[in-house]
Amino acid sequence: MKKHMILLALLMMTSAFTGCWDAIEIDQRGYVMSLGIDKYEIPPPGKSEEGNSPEEEAAVPTMAHIPEDNPRNRFSFTYVIPNVEFLVGESENPNILYNTVGENLYSASRILTTRINKQVFFGHMKVLVIGETVARDPDMLREVLDAIERDQFISRRISVAIAPDTARGVLEVEPLINPMTGQFMADLFRNKDRSPRSGGGIMGDVFEELHRWGNTVIPRVIPGEEDIKVAGSAVIKNYRLIGWLGEVETRALEIIRGTARPGGLTVKHQGKDEEHIVPIDLIYLSSEFKLDKTSDKIRVIKEVKTTGEVKQFILDPHQDLMEPQLIRELEALVCEKIKKEMKETIRKLQEEFQVDVLGVDHYLSKYHPKLWPEVEEDWDEVFPHIEINVDVETKIRRVGLTK
Amino acid sequence: MFPNNDKVTVSQMVTISILTMVGIGILTLPRELIGEAGTDGWMVLILGGLGAIAVSFTHGYIIKSFPGKSYFEILSITLTKPIAYILGLYTIIYLLGIMSYVVRTFGMTVKEFLLPETPPEFVILPILLVSAYLVRKGIEVLGRMAEIIIVPLSAVIVILFFLSWRNAEVSNLLPVFQTPSLQIIKAVPFALFSFLGFEVLLVFGGFMDKPKKATRVGPIAIFFVLLLYQLLNASVLTVLGSHQTERLIWPLLATFRTIELPGAFIENVEIFVMAVWVFTVFMTMVPLYLGGCLLMMELAGGKDHSYYSLLPLPFIAVLSVWDDSIADVYESLGKFSDYTAYGVVLLVPLGILIALLVRKRKKNEDRTA
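Chains as they are written, first to last, in full-length UniProt numbering: chain A, 1 to 403; chain B, 1 to 369.
Some clues are possibly wrong.
[As the list claims (entries may be wrong)] Per label pair, the in silico range of CB-to-CB distance:
(1) B:Ile159 <-> A:Asp316: 48 to 58 Å
(2) A:Asp227 <-> B:Lys335: 58 to 68 Å
(3) B:Ser325 <-> A:Ile301: 45 to 55 Å
(4) A:Phe153 <-> B:Gly334: 25 to 35 Å
What the hints contain is simulated information worked out from the structure, not anything from laboratory work. For every residue, glycine included, the Cβ atom is placed at its ideal position computed from N, Cα and C.
Chain A extracted, bound-state conformation (with noise of 0.2 Å):
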């Protein structure tokens, strides 16, 4: 009976003890923080000579060869991978970054393998960043995007970004506050709070967008010296990069949306015989859109309301900032200079881009749906010609410490 149950127990845990299939000790796995995608280029003749610029050999060595042009060759991947031994203080470069070839992100990575000692892992990943080239081609940014999304291990909430140029060249960088590139631009992801000049950049948003209606705005991210930068955004038209806003535009843009984070405006006051310059913190508060029913045309009102902080005045002022006349001079000079930008906005994606990513679509679809099945066939024709209008209301509530 003895010898029963101690088989059984063996039988059961040869069973239950199946998990091991999938052990990978930690060390063996190489945790990818970042991946860079872009399009692939014959890289000019010459340049293998000359291949040792100070950025690249800061990164370890990554190419054997210059890969030949091939058909297969479509993307090229960079992907970078913390160096555990920078972490103890062991060694000088805080990044590995590999860069490799291939048709797919899942053969360029299997193919990887071939040359690094570990498993290549994006359940750590924490951000995307896309060339140029790949986003002005709507077939290979869906394919690498449906990649991403498939993907059980790479997680919704990454962060993701256009680069003018090559994402090799963003992921380069080794910014001087946080030598780790992956780890320095999440942390800037996360820290966009105090400024709405570029879009959320969440890949679990951009994708709700992108199955609506192909559009939507994606962050841009510009690589300096030694630091990186992310503002302005890139617009999307059914999976294609039509253009780029500015950092200006992109924060009207965010407003108009509802998505801004609280930031700050500057504005000029003129006094009665002196000019102040006035930078406000601002809160948005709300962001709705109305429709006006009294025009048989598409007429939509955006209402935004916001509230701020004096943040500068001028020391001893002739007309200090107690009187309620000058904050509501203020609060007006407020509006007017945000309507102003959603305006500009407005307009270059209506006759520029001619595409929707204020959200009026989404909008008319939701609140409005007697109206939409007519329109949504051809909404790209109709939306260039829509009215939109602003309306602004900003109170200033707190002036700082002195009057």
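Given chain A, work out where chain B should sit, using these hints.
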């Protein structure tokens, strides 16, 4: 300590029904609701729930009319013995067939999310063996197990939903009342099927300690499941938006993947979801399995169903790996339930009901004669 007298209380029966209903369907429900009726899926759910309550009430009525009688006995009394054998076999096929689909979905999902390198057989086999173990112990242990599990389970589920609302956009629930009523009515049978599982009452009814209250079981259980489904559908829609939900195979899991706990050391909250879900799947499998074994015992004769608990296991295991791909699984599951569920849930009880009425009338006639 606990006398094993093979009785379940009403509350145990309710929890068993709830846990049987909540199983693999919840993973795909929001997507399918959008496919059926867009953002008006909640109306379909309510109508389907009401339909299911009506059907389960008749199930309860049947149990109430034959207190202490097993399903097979009820079938034999009302529809004669030969038919009872056929229908009993039909019900067994239904219960174990559905169970094998549950097992298959479980295996696929675990392989996808948790153990990508592990052969699916080794995911399926252990849970089958554990189910068989619980089945051996019978209905009373199952009832206690259900009662123990449901409280922490509901707590975790509610907490997870709360966490997911951080990213919710309530206006995603709009527009409402836009789907043509004909389309909604057409979708009701689908919604009714998303409540499948309440029919275990038919098989377990004979074990109830108060069969007089059998009519309550289904409606109460379905009401709770309806609440859960509405919460689930609303959460998924608000977090993911209808267009995205339509594209995802398992939108429920994607919803939880958007949860981010700032400052927490845990990065992927969906692991908790999977852990919780393993329990619900287990509790979906066991009642179906037990129901099948009990019927097998009665059909083949015998006093103790535990002898039969391992018998269907190889068949379930083979059936559960029968379909090639995930696409085949969902397609053949649809076909299988079309052929069996209507019969087991609607037609057979209807037959019993008619026979019951005929018998009653005959009795009255006899009495008057």
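### Task
Compare the structure with the hints numbered earlier in the document and write down the numbers of the violated ones, lowest to highest.
none
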